[in-house]
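As given, the protein sequences belong to chains E and W, one line each in that order. Numbered according to UniProt numbering, the first sequence spans residues 1 to 262. Numbered according to UniProt numbering, the second sequence spans residues 1 to 480.
Any given hint could be a false lead.
[To be verified] Which chain W residues face chain E? A few, computed with CB under 10 Å, are given here:
hint: 1; residue: Lys166
hint: 2; residue: Met416
hint: 3; residue: Tyr431
hint: 4; residue: Met434
hint: 5; residue: Ile438
hint: 6; residue: Ala443
hint: 7; residue: Met446
hint: 8; residue: Met449
hint: 9; residue: Gly450
hint: 10; residue: Val452
hint: 11; residue: Glu453
hint: 12; residue: Pro454
hint: 13; residue: Thr456
[As the list claims (entries may be wrong)] The calculated DSSO-like cross-link candidates involving lysine-lysine, where the alpha carbons are at most 27 Å apart (straight line), are:
hint: 14; chain 1: W; residue 1: Lys442; chain 2: E; residue 2: Lys140
hint: 15; chain 1: E; residue 1: Lys167; chain 2: W; residue 2: Lys442
hint: 16; chain 1: E; residue 1: Lys76; chain 2: W; residue 2: Lys442
No wet-lab data here; the hints were simulated from the structure. Remember, it's a predicted structure, so these values are computed and weren't measured experimentally. The beta carbon of each residue, even a glycine, is placed where N, CA and C say it ideally should be.
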Amino acid sequence: MANLTIKNLHVRVDDESEHKEILKGVNLSMNTNEVHAIMGPNGTGKSTLSETIMGNPRYTITEGDIILNGESLLGKPVDERARAGLFLGMQYPAEIMGVTNAEFMRSAINARRPEDDPISVRTFIKELDKNLELLDMNEKMAERYLNQGFSGGEKKRNEILQLLMIKPTFAILDEIDSGLDIDAMKVVAKGVNSMRGADFGALIITHYERLLDYITPDVVHVMMGGKVVKSGDASLATKLEEEGYAGLRDELGLDVKLTDED
Amino acid sequence: MSEAKTKNTKNNEELENTVPDLGEDYDYGFSDDVQPIYSTGRGLTEATVREISAEKDEPEWMLNYRLRAYRTYQKMPMPDFGPDLSDLDLDHMLYYQKATDRQYRDWEDVPDTIKNTFDRLGVPEAERKYLAGSSAQYESEVVYHNMREEFEKLGIVFMSTDQALKEYPEIVKKYFGTLVHMNDNKFAALNSAVWSGGTFIYVPKGVKTDIPIQSYFRINAENSGQFERTLIIVDKDASVNYVEGCTAPNYSSDSLHAAVVEVFVEDDAYCRYTTIQNWSKNVYSLETKRAQAMKNATMEWVDGNLGSKTTMKYPSVYLDGEGARGTMLSIAVAGEGVIQDNGARMIHAAPNTSSSIVSKSISKDGGAVNYRGTVRFDRDSDGSFAHVECDTILMDERSTSDTVPFNEILNGNVAMEHEAKVSKISEEQLYYLMSRGIPEAKATEMIIMGFVEPFTKELPMEYAVELNRLIAYEMEGSVG
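Please build the complete structure, drawing on both the sequences and the hints.
See below:
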């Protein structure tokens, strides 16, 4: 069993557009064989949390730790974290001209294997075809340039395709449902559910409860104002759907401004 | 040293003293134990020019042409633009040498040492399939030359320009030096005086072939100037795809490559001329490449440049017939100490002509890549169109890039687009690839390969593989 623990995580962003502390002490612990969901209103730091766990250099950790299987990830570059077992399904994946999707995924898989033992083309294609079918994706997607000219929905499916091909220990899925219609969402959910098992854990970040109808979480965390303010089982998501974030905030007596109230 | 037979023992000894100091840091910087059989020695005089011509048993007119060119060369100044050439020691070059004294048609007959060089260069990968139809230049002389049966059957003439001068003197005399005049520039004059080798292709009317005609070049002696002279004539409604690649070993002192290429594309004909050059970091590559496209003809230059000390190359297309098309697709990579000063010239001299220049370049470790191009619309170019696109990636702060476009527009009824972009490797792209576990160096390489992909996809597969390998090699260690 693998474990991912976030300890009192404080994160700042300092660049041209922003100077502020976004995460103000996040605590969270999850194991494989578990699916956790993080819900929360806009602007509360959900994406910052996922990018920081992955190691996006834009974010600076001022306090706290991220621990994978007892080992701190602080100071480790993003590719090392990925090879250690983390995967981030991104909201806005980059487009890369001239690099095919298939070539990219093969490189990602081979980065995890000894240099003299790359995945055989045959095994790779077999695996790829299986996953393309599972996600109801056209075979041609594999030969297109990475995310280049993909629709929003295609990009999301492509993130899940990579998840299935790379088979990480922990996947963080950042608003993987945004912009998806109900059919596409079911396909994405099918992909994630197919990964569930003793060797896999997922942290699903979402704004709406809807996705959680298809991927039932074991634990639901609610983030507000840069902190996890409440955790519970799947019923917490349903409760939020009914009462809204403002309802929960008032119930907890928090002094947090929701951006939607602006 | 092997006991190679030689006609010039004194010079041979001199060569021995200066032989190979193998470049450790350059993959292709090895040298084989091939002893040139004949050489005119260092430096250039009228006697050298006469000696070259006599050695080749040339007709009188060519000797006279060479002598006129030699005098022109002496009078002409060095280029007054572009990179500094003051380190180029023209008095210390070898201007002519010959590695073997006969032409090889059969691969089996090619000496093992030369074969080994080609093996190590990876030539067989690019050539084995087409070997039967290839000629390779080795030390200023064609070493093997085996015309593919199909070419012969179709009536395509493919041989060294020296050979063509013997076998097709009228055709050579009619076209030679008419597109690139000896007084065009100092290095064209030099080439005209001392040229040797190079490819001659004649494609008769209506003859079309998809099989690329390929040739491989290589300089393999210190200070040996390489002055190929290439002449391609594509007759009416014919088509040809010519591919050449060059790599050179890394010697201790400067080497010069000053080729002249003339391509004639007649009415409704098509020619693509693909070059990949990977000179070692001491070579000056100063070339004059020019094509003429007649009515509804298409001329395409595909030009890849890696390495060298300084490259100056601006292939041009004279769009002289109505509806003619000219394109240039190029990639240049400049590393430490390298200046790639490249571009293209498109001269619209007839109505409804079109041209496109797409220049991609990468500069790293303090290298310099410049685009220097000319687009000219003459008075008689109604309805013509030109597109210029320059894309550069600078890998670090020390590297530089300049875009020097020169447009001359003498007709109001034409259209022109120009786009130029200089960028760094995108942080966002790098982060994305690395977030999948791909190490930074590999991720950078993938982004670079993607950047040059519009170029490599135009190459025959074997060459694309080779170019990718060369670029990957160039990029090694470029990430800290």
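Status of each hint after checking the structure:
1. A cut of 10 Å between beta carbons decides the hint on Lys166(W): the least distance to chain E is about 46 Å, and the hint is violated.
2. Hint status for Met416(W): violated, given a least beta-carbon distance of 25 Å to chain E, over 10 Å.
3. Because the smallest distance between the Cβ of Tyr431(W) and any Cβ of chain E comes to about 6 Å, under 10 Å, the interface hint for this residue holds.
4. Among the interface hints, the one on Met434(W) holds; its C-beta lies about 4 Å from the nearest C-beta in chain E, closer than the 10 Å criterion.
5. Satisfaction of the interface hint for Ile438(W) is found here, the shortest Cβ-Cβ separation to chain E being roughly 5 Å, below the 10 Å cut-off.
6. At about 7 Å, the closest approach between the beta carbon of Ala443(W) and any beta carbon in chain E falls short of 10 Å, and the interface hint on this residue holds.
7. Proximity of Met446(W) to chain E holds as hinted, the smallest CB-CB distance being about 5 Å (cut-off 10 Å).
8. Of the supplied interface hints, the one on Met449(W) holds, with its beta-carbon coming within about 7 Å of a beta-carbon of chain E, less than 10 Å.
9. About 3 Å separates the beta-carbon of Gly450(W) from the nearest beta-carbon of chain E, less than 10 Å, and the hint is met.
10. Using the Cβ-Cβ criterion of 10 Å, the hint placing Val452(W) at the interface with chain E is satisfied: the shortest such distance is roughly 7 Å.
11. Annotation: interface hint on Glu453(W) holds; nearest CB of chain E at approximately 3 Å, less than 10 Å.
12. Taken as an interface hint, Pro454(W) checks out: its beta carbon lies about 7 Å from the nearest beta carbon of chain E, inside 10 Å.
13. Contact between Thr456(W) and chain E, as hinted, is supported at the beta carbon level, the nearest pair being about 9 Å apart and thus within 10 Å.
14. At roughly 25 Å between alpha-carbon atoms, Lys442(W) and Lys140(E) fall within 27 Å of each other, so this suggested pair holds.
15. Note on Lys167(E) and Lys442(W): the hinted pairing holds, with a Cα-Cα distance of about 20 Å set against a maximum of 27 Å.
16. About 17 Å separates the Cα atoms of Lys76(E) and Lys442(W), which keeps this hinted pair within 27 Å; it holds.
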